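Asks: The letter at position 10 of the sequence shown is residue 10 when you use UniProt numbering, and the numbering goes up by one with no holes.
Source of the hints: derived by calculation from the structure; they are not laboratory data. Every value quoted in this text rests on a predicted model; they were computed, and no experiment measured them. Watch out, some of these pointers could steer you wrong.
Unchecked claim - Below are the DSSO-like pairs computed for lysine-lysine, each with C-alpha atoms no more than 30 Å apart in a straight line:
| no. | residue 1 | residue 2 |
| --- | --- | --- |
| 1 | Lys23 | Lys225 |
| 2 | Lys225 | Lys2 |
| 3 | Lys300 | Lys43 |
| 4 | Lys300 | Lys187 |
| 5 | Lys110 | Lys227 |
| 6 | Lys283 | Lys227 |
| 7 | Lys54 | Lys43 |
| 8 | Lys112 | Lys281 |
| 9 | Lys2 | Lys112 |
| 10 | Lys2 | Lys48 |
| 11 | Lys2 | Lys62 |
| 12 | Lys43 | Lys65 |
| 13 | Lys300 | Lys283 |
| 14 | Lys154 | Lys228 |
| 15 | Lys2 | Lys229 |
| 16 | Lys108 | Lys228 |
| 17 | Lys108 | Lys154 |
| 18 | Lys225 | Lys68 |
| 19 | Lys128 | Lys228 |
| 20 | Lys303 | Lys257 |
| 21 | Lys61 | Lys2 |
| 22 | Lys281 | Lys23 |
| 23 | Lys68 | Lys49 |
| 24 | Lys205 | Lys283 |
| 25 | Lys300 | Lys205 |
| 26 | Lys266 | Lys295 |
| 27 | Lys265 | Lys303 |
| 28 | Lys265 | Lys128 |
| 29 | Lys129 | Lys229 |
| 30 | Lys261 | Lys240 |
| 31 | Lys62 | Lys43 |
| 32 | Lys108 | Lys61 |
| 33 | Lys205 | Lys265 |
| 34 | Lys303 | Lys42 |
| 35 | Lys112 | Lys42 |
| 36 | Lys257 | Lys240 |
| 37 | Lys240 | Lys154 |
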Amino acid sequence: MKILVTGGAGFVGSHLTELLVSKNHFPIIVDNLNSGLYSNIKKFIDSKKAQFIKCDIRDFKKVMKLPKVDAIIHLAAIASVVESISNPIFVNDVNVNGTLNVLEFCRKRKIKKLVFTSSAAIYGDYEKKITETSPTVPTSVYGSTKLTGEQYCKIYSSLFGINITALRPFNIYGPRQNDAYAGVISKFMDRLNENKPPIIFGNGKQTRDFIHVDDVAQAFYLALKYKKKSFDVFNLATGKSTSINELSEIFLLAANKSGLKTIHKKSIPGVVVHSSTNPNKIKQNLHFTPTIGLKDGITKFVKSQTYSKL
1 MKILVTGGAG FVGSHLTELL VSKNHFPIIV DNLNSGLYSN IKKFIDSKKA QFIKCDIRDF
61 KKVMKLPKVD AIIHLAAIAS VVESISNPIF VNDVNVNGTL NVLEFCRKRK IKKLVFTSSA
121 AIYGDYEKKI TETSPTVPTS VYGSTKLTGE QYCKIYSSLF GINITALRPF NIYGPRQNDA
181 YAGVISKFMD RLNENKPPII FGNGKQTRDF IHVDDVAQAF YLALKYKKKS FDVFNLATGK
241 STSINELSEI FLLAANKSGL KTIHKKSIPG VVVHSSTNPN KIKQNLHFTP TIGLKDGITK
301 FVKSQTYSKL
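With the hints as extra help, turn the sequences into a complete structure.
Replies: What follows is the structure in structure tokens.
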């Protein structure tokens, strides 16, 4: 299949491109390279196993000129709560208007399958285990843009017969994460590479469900095949919560730097305190089960990042 991957040169997109190529699909990678890196996908372009088109999804005319494909995986977005606080108009433009352009492309080119990247940020703070039917009360502009994107997807699916599957990833980590929008794990790694202790914003009791990017790529691949409902949503996570304090301890142990003492700073407004989910729905419908545990994933990540700095 020819599969258009928006944001395909980025963190998740480049891993997904690698997986699609291994499955004998032909990815057409659309990226403006503002945060994605051409080096992430160069080997696939050079070997003619994928195609690259430089395009900003906010540019309606350019999006409409993209080639017809069998399916689209829409990853392109500004995935940062902090950026959405400092630059909300820009983040809304990319995440909402850009998504609307992609949906219009599907409608006009009669593309019948889209996988949309939503986010766990749509739930806001929720003390209980989150399910797909939990209240959606985002506490950030970023979360709000992703919820709006979902709503547009649902409407387009209903009105125009597009099969759309939305995935709501929790905290993704792994190689190639862009420094500008990196999560806590990548930021911990940057500090340790400078022999500096991790910095935690807040008391460290806040919890997250961390999932490795290789598992995330597999979930997106499985979502391509899902056609049970014309529109459906799935939480994408492991189902296991870890506090940021616990994460710091795992990291320091994996990096053999237990002597460093974690620094705590004032919490950032708009950032969710607790985030955990029950992943039963995605397991039952997409037959998805994560394969990389947090300790193994961090050990693997620390080794890859350490060697890359040598």
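Asks: All hints are to be evaluated individually against the structure, with a verdict given for each.
Replies: Consistency of the hints with the structure:
Taking the CA atoms of Lys23 and Lys225, the gap is about 13 Å. The hint holds against a cut of 30 Å. Restraint check for Lys225 and Lys2: the C-alpha separation of about 14 Å stays at or below 30 Å, so the hint holds. Under the criterion of a C-alpha separation no larger than 30 Å, the hint pairing Lys300 with Lys43 is consistent with the structure, at around 23 Å. This hinted pair checks out: Lys300 and Lys187 have alpha carbons roughly 16 Å apart, not beyond 30 Å.
Between the alpha carbons of Lys110 and Lys227 the distance comes to roughly 16 Å, so the proposed pair stays at or under 30 Å and holds. Annotation: proposed proximity of Lys283 to Lys227 holds, straight-line Cα distance about 15 Å (limit 30 Å). Under the criterion of a C-alpha separation no larger than 30 Å, the hint pairing Lys54 with Lys43 is consistent with the structure, at around 16 Å. Restraint check for Lys112 and Lys281: the C-alpha separation of about 23 Å stays at or below 30 Å, so the hint holds.
Between Lys2 and Lys112 the CA atoms are separated by roughly 13 Å; this keeps the pair inside 30 Å, and the hint holds. Distance restraint check for Lys2 and Lys48: the Cα-Cα separation of roughly 13 Å lies within the 30 Å cut-off, and the hinted pair is therefore satisfied. With a C-alpha separation of about 19 Å, the suggested pair Lys2 and Lys62 falls inside the 30 Å cut-off, and the hint holds. A hinted pair counts as satisfied when its Cα atoms are at most 30 Å apart, and Lys43 with Lys65 qualifies at roughly 25 Å.
Between the alpha carbons of Lys300 and Lys283 the distance comes to roughly 25 Å, so the proposed pair stays at or under 30 Å and holds. For the given pair, Lys154 sits about 15 Å from Lys228 by alpha-carbon distance, which is consistent with the 30 Å threshold. Annotation: proposed proximity of Lys2 to Lys229 holds, straight-line Cα distance about 22 Å (limit 30 Å). Annotation: proposed proximity of Lys108 to Lys228 holds, straight-line Cα distance about 24 Å (limit 30 Å).
Taken as a hint, the Lys108 and Lys154 pair is honoured in the structure, with Cα atoms around 17 Å apart against an allowance of 30 Å. The straight-line distance between the Cα atoms of Lys225 and Lys68 is roughly 18 Å, inside the 30 Å bound, and the hint therefore holds. With a C-alpha separation of about 28 Å, the suggested pair Lys128 and Lys228 falls inside the 30 Å cut-off, and the hint holds. For the hint linking Lys303 to Lys257, the alpha-carbon distance of about 13 Å falls within 30 Å, and the restraint holds.
The straight-line distance between the Cα atoms of Lys61 and Lys2 is roughly 21 Å, inside the 30 Å bound, and the hint therefore holds. For the given pair, Lys281 sits about 25 Å from Lys23 by alpha-carbon distance, which is consistent with the 30 Å threshold. A C-alpha spacing of about 17 Å is found between Lys68 and Lys49, which places the hinted pair at or below 30 Å, so the restraint holds. About 28 Å separates the Cα atoms of Lys205 and Lys283, which keeps this hinted pair within 30 Å; it holds.
Under the criterion of a C-alpha separation no larger than 30 Å, the hint pairing Lys300 with Lys205 is consistent with the structure, at around 25 Å. Of the supplied pair hints, the one linking Lys266 and Lys295 holds, its CA atoms being roughly 27 Å apart against a limit of 30 Å. Proximity of Lys265 to Lys303 is assessed by CA-CA distance (about 27 Å); at most 30 Å being required, the pair is judged to hold. Taking the CA atoms of Lys265 and Lys128, the gap is about 26 Å. The hint holds against a cut of 30 Å.
A distance of roughly 24 Å separates the Cα atoms of Lys129 and Lys229; the hinted pair therefore holds under the 30 Å criterion. Restraint check for Lys261 and Lys240: satisfied, since their Cα atoms lie roughly 25 Å apart, inside the 30 Å limit. The hinted pair formed by Lys62 and Lys43 meets the criterion: a straight-line CA distance of about 25 Å does not exceed 30 Å. In summary, the hint linking Lys108 to Lys61 is supported, as the alpha carbons are separated by about 13 Å, within the 30 Å threshold.
Proximity of Lys205 to Lys265 is assessed by CA-CA distance (about 13 Å); at most 30 Å being required, the pair is judged to hold. With a CA separation close to 23 Å, the supplied pair Lys303 and Lys42 stays within the 30 Å bound. With a C-alpha separation of about 29 Å, the suggested pairing of Lys112 with Lys42 holds against the 30 Å cut-off. Taking the CA atoms of Lys257 and Lys240, the gap is about 25 Å. The hint holds against a cut of 30 Å.
Proposed proximity of Lys240 and Lys154 is supported: the alpha carbons are some 29 Å apart, at most 30 Å.
The structure fails none of the hints (numbered hints given earlier).
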